[in-house]
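If you read the sequences in order, they're chains A and B. So for the first sequence, the working numbering puts the first residue at 1; every next one is plus one. So for the second sequence, the working numbering puts the first residue at 1; every next one is plus one.
Don't read these hints as lab results, they were simulated from the structure. Any given hint could be a false lead.
Capping the alpha-carbon separation at 30 Å, the derived lysine-lysine pairs in DSS-like fashion look like this [to be verified]:
hint, chain 1, residue 1, chain 2, residue 2
1, B, 105, A, 357
2, A, 188, B, 105
3, A, 354, B, 65
4, A, 179, A, 120
5, B, 65, A, 238
6, A, 238, B, 105
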Amino acid sequence: MLELRSELFSALSETRNENIGALLSAKKEGKKVIGHYCAYSPVELALAAGAIAVPLCGNKKEPFLAADNDLPPNLCPIIRSSYDLAVSDTCPFFHASDMIVAETTCDGKKKMYEILQRIKPIHVMNLPQIPDLPMSITLWKSEVRRLKTAIEKELGVKITDEALREAIHVTNEEARARKELFDLNRNKPALLSGKDLLVIVAQAGYSIDRMSGVALIDRLTEEIKKKAQQGYHVGNEKTPRILLTGTPLGENDDKVVSLVEEYGGLVVAMEICGGYKSLDLRIDETDCRDPILLLAEKQVGIPCSVMSPNKKRIQLLERMIHDFAVDGVVDLTWHGCHTYNIESYWVADLVKNKLEKPFLHLTTDFSDADRETMRVRIEAFLEMI
Amino acid sequence: MLTAGLDIGSRTIALVEWDGERITREEVAYTGVDPFINSQRLINGRSYDRLVATGYGRHLVVERKLADEVITEIKAYAIGAHHFFPDVRTVLDIGGQDSKVILVKSDGGVGRFEMNDRCAAGTGRFLENMANALGLDIKELGEHALNAEGKAVRLSSMCAVFAESEVVSLTGRGEDSRCVAQGIHQAIVDRVSAMVRRVGQQPRFIFAGGVAYNPCMCKLLAQVMRVPLTVPDSPQTVGALGAALYAGQLVS
Numbered sequence: 001m002l003e004l005r006s007e008l009f010s011a012l013s014e015t016r017n018e019n020i021g022a023l024l025s026a027k028k029e030g031k032k033v034i035g036h037y038c039a040y041s042p043v044e045l046a047l048a049a050g051a052i053a054v055p056l057c058g059n060k061k062e063p064f065l066a067a068d069n070d071l072p073p074n075l076c077p078i079i080r081s082s083y084d085l086a087v088s089d090t091c092p093f094f095h096a097s098d099m100i101v102a103e104t105t106c107d108g109k110k111k112m113y114e115i116l117q118r119i120k121p122i123h124v125m126n127l128p129q130i131p132d133l134p135m136s137i138t139l140w141k142s143e144v145r146r147l148k149t150a151i152e153k154e155l156g157v158k159i160t161d162e163a164l165r166e167a168i169h170v171t172n173e174e175a176r177a178r179k180e181l182f183d184l185n186r187n188k189p190a191l192l193s194g195k196d197l198l199v200i201v202a203q204a205g206y207s208i209d210r211m212s213g214v215a216l217i218d219r220l221t222e223e224i225k226k227k228a229q230q231g232y233h234v235g236n237e238k239t240p241r242i243l244l245t246g247t248p249l250g251e252n253d254d255k256v257v258s259l260v261e262e263y264g265g266l267v268v269a270m271e272i273c274g275g276y277k278s279l280d281l282r283i284d285e286t287d288c289r290d291p292i293l294l295l296a297e298k299q300v301g302i303p304c305s306v307m308s309p310n311k312k313r314i315q316l317l318e319r320m321i322h323d324f325a326v327d328g329v330v331d332l333t334w335h336g337c338h339t340y341n342i343e344s345y346w347v348a349d350l351v352k353n354k355l356e357k358p359f360l361h362l363t364t365d366f367s368d369a370d371r372e373t374m375r376v377r378i379e380a381f382l383e384m385i
Numbered sequence: 001m002l003t004a005g006l007d008i009g010s011r012t013i014a015l016v017e018w019d020g021e022r023i024t025r026e027e028v029a030y031t032g033v034d035p036f037i038n039s040q041r042l043i044n045g046r047s048y049d050r051l052v053a054t055g056y057g058r059h060l061v062v063e064r065k066l067a068d069e070v071i072t073e074i075k076a077y078a079i080g081a082h083h084f085f086p087d088v089r090t091v092l093d094i095g096g097q098d099s100k101v102i103l104v105k106s107d108g109g110v111g112r113f114e115m116n117d118r119c120a121a122g123t124g125r126f127l128e129n130m131a132n133a134l135g136l137d138i139k140e141l142g143e144h145a146l147n148a149e150g151k152a153v154r155l156s157s158m159c160a161v162f163a164e165s166e167v168v169s170l171t172g173r174g175e176d177s178r179c180v181a182q183g184i185h186q187a188i189v190d191r192v193s194a195m196v197r198r199v200g201q202q203p204r205f206i207f208a209g210g211v212a213y214n215p216c217m218c219k220l221l222a223q224v225m226r227v228p229l230t231v232p233d234s235p236q237t238v239g240a241l242g243a244a245l246y247a248g249q250l251v252s
C-alpha cells in the first residue's frame, strides 16, 4: 500500500528525531525535562511548570540484554524494552529527563519501576483501577496534586492555575488536531494507510514546541483534504477496512499492520495509545472548577485495559467500528500483557457476537520469529471479508 | 480441465489433481528440509490448467512459479471438507505444527476460525516428540495408548519440550507406558477441545489432518466433544483437495 508522499508528512515523521537535538539545546539554556511513561501522566503539569514533557515508553526490538539480567523473559516486551533502553543508557529522552513520572498501571510496569529507581528516581503515582467509583477521582485528584508539589519542589517553580489552564488548552488542541487527522479516514476510500497511521501514532507527544506541532498536523490535514479533492485516496471502495486495537505500538512494530496491508486489507483506524484511544477526552475549557480536578476526571476516563471494568473501551470500539465503516477488527496484544490479553474476551464478544463482524486476536512480540504464523492468520482473516 | 492443489505443510506435502468431476491423483510426501524441491518432485513435470498452493510453503512455490495462486489452509480445508460432506459445519485439523478449528458456512465459506498458540503444544509435532520419548514410531502411538489397561497418567505440561522430560520421568518412575501414552493423547484433546468450544462446534464435525489417522485421538475427541466425528478417507489431503477445487473454480 502506497504511503503518503508529502513534505509535511515527512516533517511530522521526523518530529521525534529532530527533537532530540532541540531537547539538548533547550536543556543547555536551562529548560527542565520531565519524562513520562504513559497516557495517565498529566503532562499538563510539566508544561505548566515550563518544562519539556517527553514520552519514554520503549519499543526497541530484542535482544534485551540489559533487561534480561534483571527481569523475567516472559514479561511484556514494552516493559522489557523500556527498562533495557533506560538501563543501557540508549534512550536519549530518558537520559535527558530531570524527573520521571510513572503510574501503577499494570503489575509488570509498577514492579519494573521499583527496580528502575536504582538508575534514576521515579515519581510513581498511585493509579486507581475502578474508574466508575467516585473515590477513584478523589484518589487521582490527590495524586495529581502530589505530583504538582513534587514538580514544584524538583524544578523550583510555582505552577499557577492560569498556567495549568493554558497547558490544558495545549493538550486539548493536540487531541483536536490529531482527531481531525485520524478522522480523514472516515472517508471511503480511506486517505491514510495503516503504515501512515503508525508513523503518526509513534510521533505523539514528541513536539517540544507543542503548538507548532499542532499547526503542523492541521496543515497536513488540510493538505490531505485538498489532495482528496483531486482524487487522492488509499485502497479503493472494496478494500477491507480494518480497525486495529490492543496494546501500544511503536513505529517499528509494523509486523501485523504490514501483513494486513500486504494481503489487500487496510488498517483505517487504531484504537491504541497515541491513536484514537484518548482523543475524545478533552477538558471543557469553560469549566471553572479546579483544574487539578478536571485533569483527574479526564485521565481516569482513559479506556486502558488496566481499568476494571473497562466498559469505555468497548463503547469507543463500537463507535469507531460504526464511524470508520469497519469490516473487521484485529486485536493485537503483546505476549505477557495480561490485561489486554484477557480483555480480548470482551472485544471478541462485541465484534463477533454483537456486531457479527470478523475478528482476529493475535498475540505476538516485537520479533519476526512468528511472521509466518501471523501471516496465515491474517491472510485467512482477510479471506473471510 | 485438469487442476491441482498442493498443500505444503510442515511435515508433509500433499498433491491432489482434479479433472472437474473427480480426483485423478492423490499423493503425499515428506516435506523435508527443501519443500520446493520436494514439491517439484511430487508434481514431476506435469502441467495443469491451474495449480493452487496452500500450507506454510504456499508463497514459496508461487514466488518460484511452480504454482499460480495461494489460499490459506483455513479456506482450503473448508472447501475440501465441504466437497465431501456438504453438511459439514465444523472442521478440526491437527497438522504438524498447527492445529485449527474452522466453522464452515453452508456455502463452504469460512465463518470463524481459531488456531493454536504459536508453539507446538497440541499439534502433531507434540505427538511425535512424545512417541520418541516412549521409544515408539508415531504410527504406533495411538494403538499403544488404546491398549492401556489402567487409568491414563495425566501430564501436567503441554509444552513439547517440558512434556518430553515429564514423560521420561514418568516411565522412569515405573508408570505403564501405555497409560502414559493415553495421558499424552488426553492432554492434546483437552487443549484442542477448548479451542473447539471457543469457536462453537456444530455437527457435522470433520476431523482432518495427519493426526486424524491416530485411533486414540479419534476415540478421546469423540468422547470429550460428545459428537460423532467424521474422518475423511484421506484426512491428510483435504487441504490439497480444497486448493485443487478452488483452482477449478478459477478456471471455470
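>> Under the constraints set out in the numbered hints, which ones does this structure not fulfil?
In response: The structure conflicts with hints 3, 4, although it agrees with all the remaining ones.
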